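Trainee: Residues per chain are reported as follows:
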Amino acid sequence: MRTTTNKRDLLRWPVLRWIGQHRYGRLYLQIPFLLAALLLIYDGFTGPSNAARNLSTVGAWVHYRGIVVLVLLLAGNIICMGCPFTLPRTLAKKLSLRGRRWPRFLRNKWLAVASLFLLLFLYEYLDMWASPALTAWLVVAYFVASFVLEAFFKESAFCKYVCPIGTFNFAFSTASPTQIEVKDPQVCKTCVGKECINGSYAAASVVRVDQIPINGGAGGMAEKRIEHNRRGTLGCGTELFAPQIKSNMDCTLCLDCVRACPHDNIGWMRRTPGRELGQRGAWPARWDISFLAIFVGFIGIVNAFGMIPPVYDLLQSIASFLGMSAERWSPALIEFIALGAIFVLGGLLIPAVLTLGAGWMTRTLTGRRHSLRHTVAHFAPAFIPLALGIWTAHYMFHFLIGIWTVVPITHNFLLEHGITAFGTRPDWSLGGLPVDSPLVGLVQTVALMGGFLWSMILANRISTREYGRDAVPALFAWALILLGMALVSLWIFSEPMEMRGTILFD
Amino acid sequence: MMYKRVGFMFTLALIAVVVLAACRESSEAESTVDLNIDLAVEPAPPAVGDAILTITVTDDSGDPVDNAAVSVRGDMNHAGMVPVLRDVNESVDGVYTVPFEWTMGGDWIVTVTVTLADGEVATRDFDITGVTSTNGMGGMEHDDMDSMDHADDDE
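Quick note, the sequences are listed as chains A and B, same order.
Here our numbering is used: the first residue of the first sequence is 1, the next is one more, and so on.
Here our numbering is used: the first residue of the second sequence is 507, the next is one more, and so on.
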């Protein structure tokens, strides 16, 4: 086995090396996540109905969300690496009904965008943040959906095309400081089995190898049979071919490629944060991918807007404008329509219109150098840093003010099961930073402004690369959109939070 | 064989969870005596900041209940907020005045627990909706405080 050492390879570190090479390395990371998910389900269904006292709601909506943005920013898609929802995958594969391919018309990110949109809308409309039971049902739904799709389809269809959490993580892992890379591309050129994608135990080969010459031997053609070995490793679940990986999009960091590679030629490498965002050709020039990159920022704004007082004025205004209040419709129906309108407008229509408008303006001002699709695809990655800043500002608010609330809630959970080793009175005074703490505001401001500046630098770099002397007119419209998003976000986060579960309409 | 093993373990785990859930004892106080507990909030409508909760405790006959230990716990209806806890023992004609603070705008659940001298306990939850973030009116009309929801009547 050839071994290449690369100083950027995180898998040189002992613990990570074990996770990356041991057959059950990922499993041992998934087990604590699984236990946490089961705990959330258990307490969500059987624990206090008050969200402030339940592990399900505090775990999912305070701690998970705060941790995920930090991890994506500082490390990479470790959340998907440890994802417990794919644990039933092996069982599902054994039950698989021939493992058919995911339908061609769904082999894009539109369904993923829709699922993320739906999750965030339902989070607001059904007040999931106030319901341990609903939160538990959401976790159950993830397990069921993952299992069903794995049973019926190949290509980790749930992860790649459906999962809202995965979609969120994929989008922002593009800004992460790590990436799967091959150590020596020459090794891959002479590799026969392509186990990184085929697996060293594959139900069906993705890449046929029987016509690949071995080491350029005489005649050039020889057959190499892949041995199906019960102790083998599946290849990349989302069918990424390691030597061609330029982006973290669709990479779950499962490290199956690392385990499967017989040449130890794949590493989890450190890289410049967000390197792929400014790299030409790193992303395919597809409408779905471009829209995803822009959508995640706008939906972040809408999601945060839904938690401040002006949203209730807007809901009331929409209800009055549409005459729903006068018709005496039920408040639940009115809220569904009015809130839905805000989400559709802010999360889908406005970004779509602005994107197309900016693309049109760029083409008009630069002599139509690129197609509209390519124009949008060039600038779309530049939205990721600002979007990440928006979500970081939002999630870190909840995380910082509620970081220690999990302690008395866990203590209370233990007491309810007869465990008094830690005392009989939970310390409910444990919380976090005060709501009006300057530090919270500072973190939010740094996240937003940092994200905005990073986006602007990226957009400028892209514009210069693609348009040369026309860089300024090319950049103009996109810079306006980014500035607008940043200003709106700053305003939102300067407003006090006010979460209401009940809304009455005049 | 593997399926049988997985099925057996799954069944075992399910039984364990059911038993665990059945044996679980809620840490929230349950009422052992019938008392009428009413809550009024000032200022009304409530807004972030200091407030006064006026708790009136009477027995079935309508007679005021004095010298009880009254505990108040205010939770927001979403996770991640520190509860506001207050205790008061003094009363006049069954009326207990509790200095309180709404620390954030939104919906709250106020749990009032009354413990009598003989150890009997009565508890009641009150939904306080629409605490505004400013002293003025929020975007929602707030109804008369007498029409507050009483979320959970543990009797």
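Quick caveat, the hints were computed from the structure, so don't treat them as lab data.
Just so you know, not all the hints are guaranteed correct.
[To be verified] With the C-beta cut set under 8 Å, the calculated list includes, among others, these residues of chain A facing chain B:
1. 52
2. 396
3. 416
4. 428
[Stated by the list, open to error] Computed far set for chain A versus chain B, every beta-carbon distance over 10 Å:
5. 263
6. 432
7. 499
Just so you know, these numbers come straight off a predicted model, no measurement behind them.
C-beta: ideal position from N, C-alpha, C; glycine also.
Trainee: Against the earlier hints, flag every one the structure doesn't satisfy and list their numbers going up.
Mentor: 2, 6, 7
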